[in-house]
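Please put together the full structure from these sequences, using the hints given.
What follows is the residue order along each chain.
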Amino acid sequence: DAKTTQPPSMDCAEGRAANLPCNHSTISGNEYVYWYRQIHSQGPQYIIHGLKNNETNEMASLIITEDRKSSTLILPHATLRDTAVYYCIVRVFNNAGNMLTFGGGTRLMVKP
Amino acid sequence: ETGVTQSPTHLIKTRGQQVTLRCSSQSGHNTVSWYQQALGQGPQFIFQYYREEENGRGNFPPRFSGLQFPNYSSELNVNALELDDSALYLCASSPSRGGASDRELFFGEGSRLTVL
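Which chain is which? The protein sequence lines are R and C, in order. Note that this note's numbering has the first sequence beginning at 1, numbered continuously upward. Note that this note's numbering has the second sequence beginning at 1001, numbered continuously upward.
Mixed in with the good hints there might be a few duds.
Covered by chain C, per the in silico footprint, the following chain R stretches (three or more residues, Cβ under 8 Å) [what the hints assert, rightly or not]:
1. 35-46
2. 102-112
Output of the computed footprint for chain R on chain C, the stretches with three or more beta carbons under 8 Å from beta carbons of chain R [unchecked claim]:
3. 1038-1046
4. 1108-1115
Think of the hints as simulated: they come from the structure by calculation, not from any bench. Each residue gets a CB set at the ideal place from its N, CA and C atoms; glycine is no exception.
What follows is the structure, encoded as structure tokens:
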């Protein structure tokens, strides 16, 4: 699996956009970029995923660079409930299709 | 709410004992995977079950084993517990084995195991 690199922590003011970067320079052509988050003491929660194009859903937007070596997760209007650890994952599809390789993630702190 | 439930939520065991953790998958999901999350770290993949057979395994010893039942509920068994087995154990279900069209895993809240 391609590995990802994320900053260990970030702060964001409530109501502002939170931009969480991720580097995945060894990503291969058929690997998707997934984002999950984990709020304290809960299981990880799926946010969004993409292959090449930018994606948007009700939770967030995902911007993938043209060379696919990095991406940014954008929470457009962060709230206190968005405080969590955010994991950027490059997902491999094989016989162990649901094997997600989690790194250390980014601990996002949304402050009032 | 993901529809994935795990039990027990917390338990304490002593070194050398055996433990069984249980997971009830979301309705219609035929694939379940288990993850171990040590304190302060990201989850690590243990194994996956599809239609009652293991079809993928991470870097965990054989004393970690599992079962998936016809109703798609699942168990994780750990024998000869070690202190390092203390962790949050997460179960995740999905409607397929994980092809390119598969979108997400639905995680339960986890079972927190403490080994003394």
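>> Please check whether the stretch 1038-1046 of chain C has three or more residues whose CB lies within less than 8 Å of a CB on chain R.
In response: holds (count 5)
> With a cut-off of 8 Å between beta carbons, are at least three residues of the stretch 1108-1115 of chain C near chain R?
Replying inline: The restraint on the stretch 1108-1115 of chain C holds, since 3 of its residues have a Cβ under 8 Å from chain R and three suffice.
> With a cut-off of 8 Å between beta carbons, are at least three residues of the stretch 102-112 of chain R near chain C?
Replying inline: holds (count 4)
>> Three residues or more, CB to CB closer than 8 Å: is that satisfied between the stretch 35-46 of chain R and chain C?
In response: holds (count 6)
Consistency with the previously given hints is maintained throughout, with no hint failing.
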